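**Student:** Dock chain B against chain A, hints included.
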Amino acid sequence: MALSREQVQHIAELARLELSEQETELFVEQLSAILDYAEQLNDLDTDAVPPTAQVLALRNVMRSDELQPCLTPDQALANAPQRQDAYFRVRAILE
Amino acid sequence: MEYVATIGMEVHAQILTQTKMFCGCPNELTSAAPNTHTCPVCLGMPGVLPVINRVAVEATVLTGMALNCTIPSFSKFDRKNYHYPDLPKGYQISQYDLPLCTSGHLDVTVEGDARRIGIRRVHLEEDTARLVHQGGVSLVDFNRSGVPLMEIVTEADLHSAEDAYAYLSKLRQILRYLGVSTGNMEDGAMRCEANISVRPEGAEVLGTKVEVKNLNSFRSVRMAIAYEIERQIAVLEQGGRVQQVTMGWDETNHRTLFQRSKEGAEDYRYFPEPDLPPIEVDEEWRAGIRCRLPELPDEKEERFTQSYGIREADAALLTQDLQVANYFEAACAACEGPTSPQTVANWVLGDLYRLLGASGSDIQACPVRPEGLASLLALVESGKINGTTAKDVLNEMFASGRSAEEIVKNKGLAQISDEDTLTEIVLSVLDQNPGPAQQYREGKLQVLGFLVGQVMRQTRGQANAQAVAEIIKTELARQS
Numbered sequence: 001m002a003l004s005r006e007q008v009q010h011i012a013e014l015a016r017l018e019l020s021e022q023e024t025e026l027f028v029e030q031l032s033a034i035l036d037y038a039e040q041l042n043d044l045d046t047d048a049v050p051p052t053a054q055v056l057a058l059r060n061v062m063r064s065d066e067l068q069p070c071l072t073p074d075q076a077l078a079n080a081p082q083r084q085d086a087y088f089r090v091r092a093i094l095e
Numbered sequence: 001m002e003y004v005a006t007i008g009m010e011v012h013a014q015i016l017t018q019t020k021m022f023c024g025c026p027n028e029l030t031s032a033a034p035n036t037h038t039c040p041v042c043l044g045m046p047g048v049l050p051v052i053n054r055v056a057v058e059a060t061v062l063t064g065m066a067l068n069c070t071i072p073s074f075s076k077f078d079r080k081n082y083h084y085p086d087l088p089k090g091y092q093i094s095q096y097d098l099p100l101c102t103s104g105h106l107d108v109t110v111e112g113d114a115r116r117i118g119i120r121r122v123h124l125e126e127d128t129a130r131l132v133h134q135g136g137v138s139l140v141d142f143n144r145s146g147v148p149l150m151e152i153v154t155e156a157d158l159h160s161a162e163d164a165y166a167y168l169s170k171l172r173q174i175l176r177y178l179g180v181s182t183g184n185m186e187d188g189a190m191r192c193e194a195n196i197s198v199r200p201e202g203a204e205v206l207g208t209k210v211e212v213k214n215l216n217s218f219r220s221v222r223m224a225i226a227y228e229i230e231r232q233i234a235v236l237e238q239g240g241r242v243q244q245v246t247m248g249w250d251e252t253n254h255r256t257l258f259q260r261s262k263e264g265a266e267d268y269r270y271f272p273e274p275d276l277p278p279i280e281v282d283e284e285w286r287a288g289i290r291c292r293l294p295e296l297p298d299e300k301e302e303r304f305t306q307s308y309g310i311r312e313a314d315a316a317l318l319t320q321d322l323q324v325a326n327y328f329e330a331a332c333a334a335c336e337g338p339t340s341p342q343t344v345a346n347w348v349l350g351d352l353y354r355l356l357g358a359s360g361s362d363i364q365a366c367p368v369r370p371e372g373l374a375s376l377l378a379l380v381e382s383g384k385i386n387g388t389t390a391k392d393v394l395n396e397m398f399a400s401g402r403s404a405e406e407i408v409k410n411k412g413l414a415q416i417s418d419e420d421t422l423t424e425i426v427l428s429v430l431d432q433n434p435g436p437a438q439q440y441r442e443g444k445l446q447v448l449g450f451l452v453g454q455v456m457r458q459t460r461g462q463a464n465a466q467a468v469a470e471i472i473k474t475e476l477a478r479q480s
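Line order of the protein sequences matches chains A and B. Per this note's numbering, residue 1 is the first one in the first sequence, and the count goes up by one each step. Per this note's numbering, residue 1 is the first one in the second sequence, and the count goes up by one each step.
Treat the hints with care, as some may be off.
To list a few chain B residues with every Cβ distance to chain A over 12 angstroms, as calculated [to be verified]:
1. His12
2. Glu237
3. Val242
4. Arg269
5. Asn433
6. Pro434
7. Leu445
Sample of chain A residues at the chain B side, in silico, Cβ under 8 angstroms [what the hints assert, rightly or not]:
8. Leu14
9. Leu17
10. Leu19
11. Glu66
12. Leu67
13. Leu77
14. Arg91
Everything labelled a hint here was simulated from the structure, so no lab data went into it. Fair warning: this is a prediction, and the values are worked out from it, not measured in the lab. Built from N, CA and C at the ideal position, the CB exists for glycine as well.
Same shape as in the complex, but just chain A:
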């Protein structure tokens, strides 16, 4: 299944990636190849297989509503590229 340039650019936009012309070309080719590979699954007869959202045979894995220790603000912020007081700092977001 061949992806169009527009589709690749749309995906890049959703992922907040800026692609050059050459990169777009490259990913059209590579992503299409990945889809082709996955497309082999269409050859299987799955009429008798019920659809599933999960591959594990698990249900209702839940925890009780009990407190666990938290990180300290310094631990939480240790890897932050930018911080201000006890906040993570990012560039302003414009709607």
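**Tutor:** Just chain B, lined up with the frame of chain A:
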């Protein structure tokens, strides 16, 4: 031309749990310093695994039951993918096609008319972090990240700002009755969005839908919807077309403002959350949750009119707030003797509300406990104090926290019912007011009120007014 508005509402309510949706960090936002309630899960660190909080699931199912929903036996979580700094993982764990609750309804009354609002779904998701915008930067506080959030979505069954207001009030009342959310819009524990469209009356096809966000109070919900309906009608009247956009409510200038275009509609690429096994609600679990469904506002209101025999309007007011309803019932239970529930209702809705309103406190913090109110009313019923004095005593009880008996005793407020004492005062009043006394004897019976008033004045309101009236009549009859 006449137009019909069609409105659907989406309400997000933070769920009252001890911990967050998928980790053991405290779900506590009001007093926490920034980034003190975080862990690798709610910070979205790579490789961590979320685990579902059972209490949040049960609170959502309980809400669905109260909203007459179907609770499907199978439900799952999905990833909603988008990029924003309040969302550290790059996706929000939410529910897409198989929510915990589906197809319910809520009955509301709008200006006296009963209306049924369809509930399309109630699902469970995680809240995002809080952003503080500061000029060129935004500051991120992850305390709110991962707080359990239920989203309640209506069918497009509402048609006016009043409908929306009535729906939202009733929904909040139920959330509070259930104890699943504070429902406070002011601090963001309950948030609301409205989808609004307008079409000419008789038109088959719905008009273009506009989403209005940033509705942070009941007042702004009502104003924003009314404004947006008018705006869309004006566009159509001028031969224009309504654009499919997201608008924000501008609280300062009282108008909706364009936020963003919906073109190339959001592409969230939902897919099943691989880290969370699905949820199966079997009959036993469902029954266990249903057992916890409390008496809901409508049922309580009905019972209050039926079994206490109070006025319908009063029952509606008393049941608006569960704590008030409980207070009323406790006071009625504490009443000994002939005090009627209607009397209790009058005092709660009258003087007690006045005092609570003036002091800005809620009824749980009321210094006058239900038993205290009951013993005050017992003093009135037994004739120990009269109604006017009782109001003063209640004020004093509210201010000092002391009991009615103590205040009456210490201040010498007990009603004067003793006949000899009253007769003495009556005689002196008649002496001082020969004119009115004469008028009464000549048949002008309405001066009786004036004479009783004079006695009350002399006794600083403590005389038993009924007894006074009788004594005046007797004395005047005797003197003529």
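**Student:** Hint numbers the structure violates, sorted upward?
**Tutor:** As far as the earlier hints go, 4, 9, 10 are violated by this structure, in ascending order.
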